[in-house]
Amino acid sequence: MKTLLATGAAALALTSTLVLAQGAPESLLPPGFDDPPPAEPTATPAPPAPAPAAPAEGSTPPSDSTGTPVIQPLPERSAEPQPAIDLPDDLPSLEELEAMNTDELDELLGLKPRYDIPPAARRSLSEVGIVGPAEGGFATASLEAQPASLVRAIIAGMRGPLVSRWGHILVRRTLASRLTAPDGMDPVDFAALRAAALNAMGEYTAARGIAQDVDTSNWHRPLTDAALEAYVATGDIVGACPAVQLQGSDRDDGRWQLWQSICAAYAGQGVRAATELRRALSRGTAPAIDVLLAQRFAGAAGSGRQAVNLEWDEVDEMTPWRYALANAVGAEIPERLLADLPPYYSRAAAIAPTLAPADRLPGAHRAAGEGILSASAMVSLYSEVLNSAEDGDGAEAAARLRMAYTGDTPAARLAAMRAIWGGGGAEYSRLVLTAYASARMPASEEFRDEAPTLIASMLSAGLDRDAMEWSQVVEQGGLGWALLALARPEGGGNIAGGQLDAFVDEDDSDSRRKSQFLVAALAGLGRIDDSTARSYSDRLAMELLRDSKWTRTIERAAAVDNAALVALLAGLGMQGDAWDKMTARHLYHIVSALNRVGLSAEARMIAAEAVARA
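Using mature numbering (1 follows the signal peptide of the UniProt record, and there is no 0), the letters of the sequence shown correspond one by one to residues -21 to -1, 1 to 593.
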């Protein structure tokens, strides 16, 4: 290897070329295709020589007069001095060349491709997203004419979960829509902002989709960072390899070097990957457990199996990289490292394809409550648990869920749902789980006491018309009545003050938050008049009409009928991890603006959810 590299380096520095005498290769082109064009005559050409006489019949053809082959003479060395070549100061030494891998050598010699996709297959940046208008996405040009600074500030401000499940669903749809970047904003920057916001919401699959809709040759550092976070959270380590291989040595952090080695292994360069990972372990390129996990993951790409002993004794914290690789290779993580983990790991576990269905359940409940998983996805997950024939709390809950759907009588189905909900206030994700089972219950006076919970469960999945069948059963002025008053698809007449009074008087929530949210949402939907709204605003100390920069901005967006911008501003106003972070004033402006721009279904579901979860 040293000899080869030394020869290559010396060849780059030569200033003249030595032509060795050899037999001329035979041309594969037809006669005349590789002949040089005739030179311009500089003097009167000499008359052609007479053709030699033909030999007499039966005589021997004459041989060449010289009897020796014609050999082109070597060019004479020029006596003039050749200009010196200025070599770069950072030219690597032979030792450094030896240590370089293939990607680094390609980059040094200018062989690294700029694009990894053929020109005909490259995607345009004029529209980036994964949900088109025909699939429920927003209009492509929704944000094109909006100020780039405003759109950037709104999306960059989304750095966490939303209090509302339905608000989360709406914002996810907005960020994932196939959109044109605002005038003055780089489309790649726009994609990076959206992917980062989706990651912050726990929507790692959607964030990965946004990044993948941009050719990897166009990725810059912010988009790469957001994409790598999404790839790790979804456990799709190898999915990032096109970008990792294309960018090569543009980054030099430890995790990036491990990623390069993994990608080399899955590209068929197992020996190189093993060598690099052994070197990374000896040099301390990354923490030992990270390198060991990378070795085991890379080893799965080869035909053989290299024994890698994972040592967790000195590991005192969990990281997304360790969690993803450990799950991917089926390594058992010590319980002490899984205790008191941040919510990130629950969201990642909910969608981890390598985890057993029962192990995904705790994270799935968080994801369902936040809007990451749908009611159908939850039912499918519990079906997998039931089919896995495993014992435990998950299997017992799965059996109850089956009874909630297939019980012989409505009473038996309701009893199964009560067991799923548990005592006291039901966890909202459990209402999501039983949404379709609740819709199968007949609206009957027999089940009047459970009507509010059944209605809240149906509305968690948007089953508003099924919920409205209970309108003649619920108690006027009760929680069930309040939810239906908000969820009713048609506007109808104004809500009577007596019914509101009854609800407020019976409200025992903290700071009468349910009453505040009910009045604010009814006002936003236009289902109580202005005087009634002002009266209850003063009575409940809500300050509905106090404005701020955010309220003025969302009102202007609604005034120009820009649904996508209103949805993003609504998401910005719903940042938080619990409904006690939401104010009635914010809810009023969110519901009002959404209702005015044609998103009345989302406005009604957000309003009903607010009252149910307050």
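If you're looking for bench data, these hints aren't it; they were derived computationally from the structure. Think of the CB as a built atom: it goes at the ideal place given N, C-alpha and C, for glycine as much as any other residue. Take these hints with a grain of salt, some might be off.
[Stated by the list, open to error] For each label pair, taking beta carbons as the anchor points, the in silico distance ranges come out as:
1. GLY115 with ARG397: 30 to 40 Å
2. GLY115 with GLY555: 21 to 31 Å
3. GLY477 with GLY163: 50 to 60 Å
4. GLU290 with ALA356: 33 to 43 Å
5. SER362 with ASP517: 44 to 54 Å
6. ASP540 with PRO97: 34 to 44 Å
query: Any hints this thing doesn't respect? Which numbers, in order?
result: Violated hints: none at all, because every hint is consistent with the structure.
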